[in-house]
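Q: For the protein sequence lines, the chains are U and E, in the order given.
Everything in the first sequence is counted per the numbering used here, starting at 1 for the first residue and increasing by one.
Everything in the second sequence is counted per the numbering used here, starting at 1001 for the first residue and increasing by one.
Any given hint could turn out to be false.
To be verified - Only some residues are given here: those of chain E computed to face chain U with a beta carbon under 10 Å:
#, residue
1, Tyr1031
2, Gly1040
3, Met1041
4, Leu1043
5, Arg1044
6, Leu1045
7, Gly1058
8, Glu1059
9, Gly1063
10, Tyr1064
11, Cys1091
12, Asp1097
13, Glu1100
14, Tyr1102
Unchecked claim - Just so you have them, the derived chain E footprint on chain U, three or more residues with Cβ under 8 Å:
#, stretch
15, 32–41
16, 44–52
17, 59–67
Just so you know, these hints were derived from the structure itself, not from any lab.
Where a beta carbon is used, it is the ideal one built from N, C-alpha and C, also for glycine.
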Amino acid sequence: DQQVKQNSPSLSVQEGRISILNCDYTNSMFDYFLWYKKYPAEGPTFLISISSIKDKNEDGRFTVFLNKSAKHLSLHIVPSQPGDSAVYFCAASNTGNQFYFGTGTSLTVIP
Amino acid sequence: NAGVTQTPKFRVLKTGQSMTLLCAQDMNHEYMYWYRQDPGMGLRLIHYSVGEGTTAKGEVPDGYNVSRLKKQNFLLGLESAAPSQTSVYFCASSYRDGYEQYFGPGTRLTVT
Chain U
1 DQQVKQNSPS
11 LSVQEGRISI
21 LNCDYTNSMF
31 DYFLWYKKYP
41 AEGPTFLISI
51 SSIKDKNEDG
61 RFTVFLNKSA
71 KHLSLHIVPS
81 QPGDSAVYFC
91 AASNTGNQFY
101 FGTGTSLTVI
111 P
Chain E
1001 NAGVTQTPKF
1011 RVLKTGQSMT
1021 LLCAQDMNHE
1031 YMYWYRQDPG
1041 MGLRLIHYSV
1051 GEGTTAKGEV
1061 PDGYNVSRLK
1071 KQNFLLGLES
1081 AAPSQTSVYF
1091 CASSYRDGYE
1101 QYFGPGTRLT
1111 VT
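So here's chain U without its partners, still in its complex pose (with noise of 0.2 Å):
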């Protein structure tokens, strides 16, 4: 029984333009969520996270959204750039300790 979902496995994006990476959940008691960014071959490196006191969080080119009610999060990067091309994973978690991941977005950013 899958607790976070990325219904999207793969999207391509022209660089310079916005990627929108979809993340859903269903346990309406987490409130911590991470994604992660992971290349072939490499383990996942954390890249942004927000927690349920907020609705958005931003770092440089990669702002994620959180919609409680919705029990959907997005992560946005603007202007997309090749390097990001790569594997995208969402986590959640309700104590911090163990963390549910969804099955991961493949990004393609074309040049």
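The hints should help you fit chain E onto chain U, whose structure is shown.
A: Okay, now just chain E, sitting in the frame of chain U:
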């Protein structure tokens, strides 16, 4: 600063064999985790530890055991490997709960 390292990087086992995966971190993190990643499944938590000498079950603990004898090391053991345990295994650590996790490069395990 090596971060999180995992040994070995690749391994092929026959059904029924045993092995131990080693994870080491040099960031003085309290929390350590073992995940497996399977196609179409994302990362699933196997076991985790909130400090030296402690372990706890995650989402998919069956068939695995863990030990945290030293703060910097977290071992994952397979006593009797099964083909269903073919996967990529990632270790991670974090300063404490609520903080982002730092991942190792992964171990690709194949059980034939």
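Q: It remains to establish, for every hint, whether it holds in the given structure.
A: The hints, checked one at a time:
1. Contact between tyrosine 1031 of chain E and chain U, as hinted, is supported at the beta carbon level, the nearest pair being about 7 Å apart and thus within 10 Å.
2. Hint status for glycine 1040 of chain E: holds, given a least beta-carbon distance of 6 Å to chain U, under 10 Å.
3. Because the closest C-beta pair between methionine 1041 of chain E and chain U is about 6 Å apart, less than 10 Å, the hint holds.
4. For leucine 1043 of chain E, the interface hint holds, the least distance from its beta-carbon to any beta-carbon of chain U being 4 Å, beneath 10 Å.
5. Checking arginine 1044 of chain E against chain U by beta carbon gives a least distance of about 7 Å; that is within 10 Å, so the hint holds.
6. For leucine 1045 of chain E, the suggested interface contact is upheld, since its CB lies about 6 Å from the closest CB of chain U, less than 10 Å.
7. Residue-level restraint check for glycine 1058 of chain E holds (minimum Cβ-Cβ distance to chain U is 6 Å; threshold 10 Å).
8. With 10 Å as the threshold, the beta carbon of glutamate 1059 of chain E comes within range of chain U, its nearest partner Cβ sitting at about 7 Å, so the hint holds.
9. Annotation: interface hint on glycine 1063 of chain E violated; nearest CB of chain U at approximately 19 Å, more than 10 Å.
10. Because the smallest distance between the Cβ of tyrosine 1064 of chain E and any Cβ of chain U comes to about 15 Å, over 10 Å, the interface hint for this residue is violated.
11. Using the Cβ-Cβ criterion of 10 Å, the hint placing cysteine 1091 of chain E at the interface with chain U is satisfied: the shortest such distance is roughly 8 Å.
12. Annotation: aspartate 1097 of chain E was flagged as interfacial toward chain U, and the flag holds, the nearest CB pair being 3 Å apart, inside 10 Å.
13. For glutamate 1100 of chain E, the interface hint holds, since its Cβ comes within 10 Å of a Cβ in chain U; the closest pair sits about 4 Å apart.
14. For tyrosine 1102 of chain E, the suggested interface contact is upheld, since its CB lies about 7 Å from the closest CB of chain U, less than 10 Å.
15. Residues of the stretch 32–41 of chain U with a Cβ under 8 Å from some Cβ of chain E number 4, which satisfies the need for three, so the listed coverage holds.
16. Given as covered by chain E, the stretch 44–52 of chain U passes the check, having 4 residues with a CB less than 8 Å from a CB of that chain where 3 are the minimum.
17. Coverage of the stretch 59–67 of chain U by chain E is violated. Counting CB-CB distances below 8 Å, 0 residues qualify, and the rule asks for three or more.
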